[in-house]
Every structure is written in structure tokens, then in C-alpha cells.
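J.: Chain by chain, the residues run as shown.
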Amino acid sequence: MAETTRADSMSHPAFLASQRPRRRWAFLRRLMHNPLVLIGGLVLAVMILAAVFAPIVAPADPLEQSSDLLEPPSRTHLFGTDELGRDVFSRVVYGTRISLTIGLVAVAIATVVGSIVGLVAGFLGGMTDNIAMRLIDILMAFPGIILAILIMGTLGPSLINVMIAVGISAIPWYARTVRASTLVVREYDHILATRAIGATTLRIMFRHALPNVVAPVIVLSTIGIAGAILAISGLSFIGLGAQPPSPEWGSMLSQARVYLQQAWWIGTFPGIAIMLAVMSINVIGDALRDALDPRMRGMVKE
Amino acid sequence: MPKYDAERGVFIFQQGERLSRRALLKLATGAASSVAIATFLAACGGDDNDTSSSTTSVSDGSSSPASSDVTPAANSDGTPKKGGRLRVGYVEPPTLDPDFHSSSSGGNIIGMIYDSLLIQDPNTSEYVAGPLTESFEVSQDTKTWTFHLKKDITYHDGSTLEAAHLKAIYEFAVDPDNATFVTGIYLPPDPTFEAPDPQTFVISSPLPYGPMASHLFWDAWMGVWPPAAREKYGADFGRNPVGSGPFKFKEWAAGDHLLLERFDNYTWGASFLENKGPAYLDELFFKFTPEQSTIINGLQSGELDIAFLPNQFYDQFKSNPDFEILSRPSGRLDCLGWNNERWPFDDLKTRQALMYGFDRERFLQVMEGGHGQVMYGAIVPALPHYWPGEQEAGPKFDLSKAKSLLADAGWADENGDGIIEKDGKPFDAVLISGGSEAEVRWASLVQQQAKDLGINVTIETLESAALTARRNSGDFDLYYFIYDTVDPDIIWFFFHSQQIPTEGSSGLNWGRVNDPILDDLIIKQRNTIGSDRDAAVQAMVERMMDQASVLPLYAPEKNTVFNKKVKGVIFYPNAMDWELTEAWIDD
Amino acid sequence: MAAYVIRRVLSIVPILLGVSIITFFSIHLTPGDPVDQILQNNANKEAADRLREHLGLNDPLPVQYMHWFGSAIQGDFGRSLLTNAPVSQEILDRFPSTLQLAIAGMLISVLLGIPLGMMAAISKRAWLDSSFMVLALGGLSIPSFWLGMLLSLFFGIKLGWFPILGGDGWKALVLPAFTLGIVNVAIIARLTRSSMLEVIRQEYIQTARAKGLSERAVVIRHAFRNSMIPILTVIGIQFGNLLAGTVIVESVFARAGLGTLAIRAIQARDFPLIQGIVLLYAVLYVGTTLIIDLLYGTLDPRIRLSGSR
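Chains as they are written, first to last, in the numbering used here: chain Y, 1 to 302; chain G, 303 to 889; chain H, 890 to 1198.
Worth flagging that the hints you see were computed from the coordinates, not collected in a lab.
Glycine included, each C-beta is placed from N, C-alpha and C at the ideal position.
Check before you lean on any hint, since a few could be wrong.
[To be verified] Below, simulated DMTMM-like cross-link-like pairs (lysine to aspartate or glutamate); rule was C-alpha separation at most 20 Å, straight line: (1) LYS934(H) / ASP821(G); (2) LYS1047(H) / ASP624(G); (3) LYS934(H) / ASP479(G); (4) LYS867(G) / ASP584(G); (5) LYS620(G) / ASP648(G); (6) LYS753(G) / ASP290(Y); (7) LYS552(G) / ASP1057(H); (8) LYS934(H) / ASP477(G); (9) LYS698(G) / ASP848(G).
[To be verified] Cβ-to-Cβ under 8 Å is the rule here; a few derived chain Y residues that face chain H: (10) LEU36; (11) LEU38; (12) LEU42; (13) VAL43; (14) ALA45; (15) ILE145; (16) SER158; (17) GLY234; (18) GLN243; (19) GLY267; (20) ILE274; (21) MET275; (22) ASN282; (23) VAL283.
[As the list claims (entries may be wrong)] Pairwise CB distance ranges, derived in the manner of DEER restraints: (24) LYS867(G) / THR101(Y): 50 to 56 Å; (25) LYS867(G) / ILE56(Y): 42 to 48 Å; (26) LYS727(G) / GLU64(Y): 47 to 53 Å; (27) LEU276(Y) / TYR893(H): 43 to 49 Å; (28) LYS727(G) / SER66(Y): 46 to 52 Å; (29) ILE272(Y) / HIS956(H): 19 to 25 Å; (30) ALA892(H) / ILE116(Y): 53 to 59 Å; (31) LYS727(G) / LEU124(Y): 18 to 24 Å; (32) LEU1024(H) / LYS727(G): 42 to 48 Å; (33) MET1008(H) / SER66(Y): 47 to 53 Å; (34) GLY945(H) / GLU187(Y): 52 to 58 Å; (35) LEU276(Y) / ALA537(G): 52 to 58 Å; (36) HIS956(H) / ALA537(G): 17 to 23 Å; (37) LEU1024(H) / ILE218(Y): 54 to 60 Å.
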């Protein structure tokens, strides 16, 4: 809506397209120089490593219960134990797998579906565009949590369905962004030229228009992953998240609520993990956005 | 001492009189048949409930079990001061209408607004004449109960209470056209109500009704209201309740709080109360707090005075000098329920094996911090006609025994994957549960312990309505079964085959127990009063044990936490209700 | 211009219609029966069947929808299945609280975000600039319910400065508003910073500098004023996000708002109430974006002419 029309009036993709090869190097270099990005990147790298090498990094089985209930952090249990005697550190480590996967899958769903809808709507215009945008509007008018509950209610409780629900709620943003970029790209000379020689619409859409809308989508996706991680922890709060005994950070936080005063470690460490993951991804996303297009810095795209 | 009226063959109780076993035996030697005596023993709700006070742990040395052990220690020191507002952390009830509320919420609020015919004496656990009743009689065949009402009882709207009102409202409750779902289901089946004069009210039923006293006690179910008020408010009666209780309705800010204020004309409190009315407190303020942790925070920040305490916070408040914890007997039982209709839980031998397979102590420790009692039978000590023998008779936790019994039932781990199989099918079970922290914790325990037995349990957490739908559909294997009640008749609601939910139709027998012998035993205890009922309840419990209809785990202790300045709160032994007429705030 | 306005206003109708239809059918098709929720442990076949009939739940779905729609058009949104109170009353009782919270939250976002963004924009050192932004980012990254609990614990219980259980008065609003608002601080800060940076570069600012005004005057008088437009836009858009955020915050602080009502309604499958609440959220969201659009249209003529939005 408002912000996409603003994007129309700025001609960034054309500039980008003509400058592509040189720009790529420049932007990566600029990225490297920002200390914040380096730190964020480091944190993220650590998390990814923890996720991949979880069995080695974690000292205990995240699901194994014991009779050492609610033990504070110690040498044997770095982050203490929870209400069922499980090692919190191991659970946080294994949790990276789940959170990162959820973020990626949910965003992948939103990106793919949203981009297709946006491309088609933007390119074809007319009635298709109208109907598509109405549907997108309807989707946007639902408060996020309520939409998620409705979807989960229909699909049933499972981690996959959580990813789908979060993915679906995010579709409108991608659809709008891609559509906006498509609208602009549609009018470019080289696209008009390709049309003139008779290339099919589909071919034009995918081979020519798509590459030009990649930039804003990348930015959206990066930040979207962070948003998805937060959204899922919010769903866990209502009890719609990952199924027990899965060590998903959000559900760990939810379970820890009642122990906040007597066993602060159960919730604090997953909470910090969420914060670090979300922040580092956001920092990188921000930097990407700055680097890809300085003029986009003011846009609200999350 | 009650008078025996030889002509009518009944004992007459005056206000405040109770019947002890010894007194009755004395009378019996000179009186009529032993049937009448046995009948009356039961009519008082059974005095064997003394055991309930002694088995429950009482904290903080509140008082000794023999005397009024349900009142806080400070009751005797300091004179009660009039005035003040008691702030309670509570869940918002959907309505305050005694005929249309669910029994899980609002009962404690509704109970303040209305009065009942009978009441339970906290000192002796016997059911005696309630605030409305001067005296009552039970006929020899126990099918007719006659209540002599006190004079000059008025409602909050000023009108005077008459027996005809009781007749009208109970007939309203049982009339199918009114679609009520509370009062009526707790009254005896096919009842007749009569009001021969303004001070006399009679309930009769074709068969003896075992739970009569325990059900009539609870004012949240059976509370008396003026028919004119319902006529006046119609569908909004639930938002404008009118009763005769010690507190009257003042205001309800939806979603935020409910306010009750003292009914100044109240003088007809139950006989055992020192203060029969009006209440000391000016107002009762119920602050709606849906989150457990928020209630706890509210107590600590000083915004709340009293709340029911989930046991995982017990230690937090025990060590806090500003607070006092009051234990009360628990009418609640937590069990592992299974779907008796679905493979492999439809196999008796498998079920019986599982009865030995779960560590109740661990459940009690993890779920309630050890506060409570492990249970081996389906009825808890706080309920009338509890059979103490069930603790001896029930199957104890023995992992190796459970495993060998499973093997006897045809289970073995053929492929070495840690899961046992039978007839080529692995032992997979789906456990459905709500998403609250406690339920998730409980489900995780079940899953872990099942794993030790070689059973693969998958947990599915569902939100409230989806959970109910799933339970009704029978598409699950295991579920978290809890009851919290006043009478063993609860088994009728949860385990009689008539209550099995079917397509499009509700019912509480989620375990889908379909056992004709058990059905008969359930009906038998419903229609028995007296020590015969003891035996009937025992037979029912034994059958459930034998058939492994459900796996009882533990009876959690019920604790209330309150700011030390709150005094005089009384809890009834059946643990469902409290009395605030004598409560006051020592500021 | 008038045509544009009318076109925009009319475009709301199909959206609201779509929302109500999707909500109605999806909530009815989700497993779960309001009758069971109402009866709970009083469930027995006869009572349940009677109640179901009494509430009209046995009619086919399209009939039930038309029934609701017909009354809704006339302003009667039915009665809550659970409490039997009129839906409009249930919603109106709680709406002011949610609105208060949302506005207070927005206020916090703005009061914290704008200065933060400004400081970041005018700071000479890159690390200072980054630090401010990271601070803002922190607010965006923390799960709101966790923040709420921590704030309750610290400022409510340990320090006792603010009440933590809903209620009236501005004091009760502080902690929940902060919890809600802090999420948007980053967004507003970022926008303020970039808008200001843009504006600072522009020529007429150079002119002002050339005229000899102090740096501070330049910043405050010109840069700030001109960067407000996009900021106002964002405020309007984020209001929708804020409304969604109230659901969790209200739960943590026991506030009687639309959020807690919505959760309860969905859990109880209280169809008429759900319809009413979702419709209200939709109206608020769509209405806000409409107003922003119209304002934007008046401010920037280029927008009105381009695109079918």
C-alpha cells in the first residue's frame, strides 16, 4: 500500500540492474567493514555450528529426565536443570536446530508463494491484480495471532503446521514487495523490448523480471527469519507451538513462565538465545538492506 | 440429642444437632429397625470422614486435626474487625447463574451469593442443616427428605423466602425446556417437589439417592433464588444474580473484576459459625487473572490478598513471613486415562500390566512438589464412603512386574528398537493434552515413563475446544483425567457406559469404559444410603481396579495462600467451597 | 480527488466481507464445540443436545452465516454463547482498555524511537550510531511476554513502583505500554534516522547552513520537520501490529481488553463473539490504512495517479 507506492517512485532496481557486476563487490566489502555485521555474523555462525554439531556440543540428551529438579547452573549443568530434571544447556543447543529450521522454512514458504503471487499480480495487472490484492488485503486484515490459531486449529498441532501458519501470515509482505518491484520493472526498456520480440509472458516474468526483484526480497527474507522465530515463540506462549518434549526455545520460555522467580535459569537462557538469534539476523538484514540500496533504509518491510 | 418420632419412624434434628455413631447406637437399642439407623448414619454424610482430616497434611501448625482444623491459627486471637475489602485472584466465570455455569469456574463466587439447604460441618465433616434450614428429616425409606425452613429469611432484593420458591426453582431446573445444565443433573432422578406450607419443603424420589446430602450442600449448584428475579432479568439473570447469601452482587466489570458487598440483613448463618451474620467484610473483590504466574505476582506485589495456590509455588510462599498457607482436604484425583475401546488398551491384560508401570511418587514430586498423596483407587479420602482399603489393595509401582505382565500379555521387543510389539504392531500411543505448563509437564512424565516400559508415546497438545472435540471423538489413546468433586457419584458421570460420547453428542466417559458389571455397581451406589453405600462404593472401586478402567496416580493437596492479615477463612472438608462470613482483615 | 476517496472507501467492503466469511467458515470447520466448552464437567447428553438446539447450532453453515449476517447488518451482533451477554456489549466493555494500551504503546515507541533515531543520525562517530541502533534492535528482538514478565518482576514486585494487575489509572498502564511499545522503537528509530539523514543532505539545508544557523538549529528546525511525514506513515501502519501485540501483553498483565476476550472466545468456540472481534480488528486495521492512504494521497500527488492501489 503506502510504502510500496513510495518504492515505485524510486528507481532503484534500474540503477542496480545497470551496475550489477561492480556493485556486487562493493556491497560485500562495505558489509565487511561494519563491525556490527561482523559480530552478528559471528553469533549466527556459532549458532549454526551449534545446530549442526549439536550431539557433540551438548553434554546430555535434551529429552532425558532426571530427579535433579530445578537445579541452579553449576559445573555439571551449565544452565541448570528444568522442572523435569533435564539439562537446560543441552536443550538450548538442540533448540538452535529447531528455531533456525522453523525460521528458514516459514520464510521459504512466504517467499515462494508471496513472490509468485506478487509477480503474477504485478505483471499481468488488471483483474488478476485486483483479485490478488484483495485476497492479500483480507489476509492482512486478520490479526496475526488469530490467523495462526485458525490455521493451526484446522491443520492440527505439529511443528510443520506451525511453520505453515507463520509462513502464510507473512505472505502478504512478500507479495506486496514483489508486486511493487514488478510494477516498476514492467516498464523498463529492456523488458518492453523483450515483449516486442514476442517472448511469452511467463518467460519474461521469470527470466527477466524476477532477477530484478531479488534484492528487496533478500532483505525481507533475512529479517523475516528473525520475525518467524519470534512469532513461533509467541504461538508457544498460547500453547500452539512445538509439541513437547521438543526443546524449542519458545515453548521452553512458555514452560518457564511459572518458574520465573524460583528457577530463573529455565527461561532466561532460551530467552537470551532467542534474542541473540533474532538480533544477529536482524543486524545482518539491516546491513544487507543498507548495502543493497541506501534509499531503502527508510522502508518498513518487516 | 435428636428426638426419635416413633410414630413417623423418623429422627428429628434441631438446628445444629449432629449425630455421632455412639449416640445413635444408644438410641438404636431402644428404637426401631437397624435399617433406620443405618439410614441416618448415611444421611449425615457418614462420620467416617474423620479420617480425611487426619490423613491430610496441615501446614504451619494451623491446628490439631481433631478440632476445627480448617480455620487459620489466628482465629482465636484478636477480635474480628468489621470492614475492609478482600481481594481474591480468580478466573472470570462466564455467568453467576446457578443453573447455567460450568462447575469449574465461578463456584466459589456463586457460593457467596446463594444459600443452601444443607451444609457440611467443618468440625465433624457431617452434613447438617444449612443456613436456610431449621431442621430436616429423612424418611425411613430415605426417599423423602423434608426441610423445615427458617422464618424471616430475605433475599437481596428484599422479598421473603418461601418454600414455594424452592419448589418453583427446582422444577425449573429439571424442566427439559429450560435447557439448564447444572442444578438438575445433581438432583435425584425423577424428583417430586412439594411445598405444603411456606416453611416446609419436601423432595422425594422413586429410588434412594446416595449423593443427596453432598449435592444439596453445594450452594453453587443448589443455591436458592427468588423466581421473581429471574422473571425480571430473563436471560441476563446471570449478570444480575439475586440470592439470600451473606454477600450480594454489586458490580461486574467484564474481563477485569467482580465485586460483591455485604448483605446487611444476613443473620441466618449455619449453626457452627460463631458469627452467623452479617459478615465482617465490607466487600469481596475478585480480580480476574487468567495466568497462574500473574496471580502469584499479584500476591507478592500486594495487589491481592488471597488465592488458591498451585503447589509449585508452595516453597516460595512458605518461606515468606508475610504469607500464610492453609491446607485443605482434596476432593481431587489425577489419573492417567486410556481409551478402553482402542487397541491395545482394549486388552484387559495389557491394561492390568500398565497399572504397575507408573511411578506415582515421581508424578507427585514433579507435579506437586510432593504435596499430596499417591492414590491406588478411584475415590479419594475426602469423599464420603471412602474405602481406606483401596490403598492396600491397589497395584503398586513395580517396573519389572509391569514388564513381565506385558510379556504375558503377548508383548515383546522383536526388532530391538526399544519399542515392544504384539501381533506385528508396535506399542504406539497418542497422548492428548492441553497446552498449559502443568499439562505439558505431566504429559512429558508419562512419555518418559512409558518409554521405560517400551511404549512409544507421542504427545499432541491441543487448545481447549480442540481437546474436548478430540476426547469426544475417541481418536486418541491416553489423556490426563482429573476430577474434583464432593461425592463418589462422580464415577457415574465419568465411567458409566451411558456417558460415552457418540457422534455429535457429548458425554464425559472419555475413556469409553463399557463394563456392564461396573455400570450396575455404579447405579447401586447411587441408590444406596448408609453403611450399605460404603460397601457399594467399595465394590465399585474394586471393580475399576480389577478391570483397570483407569490408572489413579495421586490426590494433590489443595493449598490456599493468603496475606497474614486475612483471618477467619473457613474451608469445608469436601474442599469445594469456602465460608467467608467470619473472614476479616487485621489491618 | 473525490473519486479516489470514494474508490478507496468502497474497496473496504469486500475486504470486510471476505474476512467475516473466512473467519466464520474456518472457525466452524475447526474441531471444537462451544456446547462442550459451556457445559464442561456438567456435560451429559440430554443437556448438551438441548443446548445445541437452543443455540441454533444444528442448522447448516450457510444458513447460520446468513442469519448472522442479516442481524449484523442491522447492528445486532448476537449474544456470546458462553456468557449470553450481547456481543456488542462484551466488545464495547473492553475496547477502551485495548485502545488505551495501543495508544500508550505507540506513544512510548515514538517517545523513545524518535530521539534515538535523531541521536543516531547526527552522531559523528559510526560506532555511536551503530550502538543506538543496536539498542533499538534489542527491543525488537525480545519476546514480548518474556519482557512483560521481567518488567513485572522488577518494577512491580521487587521495586513496587507500578501495579502489575490491570486496572485503571495511568500507573497501571506504564509497564504494559512499555512492553508493547518497545518492539516498535527500532522501526521508528531506524526510520527517523534515515529520513533525517536524507533530509540533512538536501540542498535547502545546505542553504540554511550557509546562512549561518547553528548546527542544532538546522537539525531541529528543518531536518526534523521534514522527516515527520514518513514517520507518521509508519506510525499508522505499525498501529495494526500494535493491536496484534496487545493480545499477549494483556494476558501477561491481566488487563481486561479485546486480546484476552479474543483468546477466550476462540478457545470456547464462541462463534458470535469471534465474528464480532475479528471484524472489529479488521475494521481498525483497514480503517487506519485507509486514513493513511488518503492522507498520503493528499500529501503526495504522485501517489494518487500511479498504481491501482
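J.: Against the earlier hints, flag every one the structure doesn't satisfy and list their numbers going up.
T.: Per hint list: 5, 6, 11, 12, 13, 14, 16, 18, 25, 26, 28, 29, 30, 31, 32 and 37 violated.
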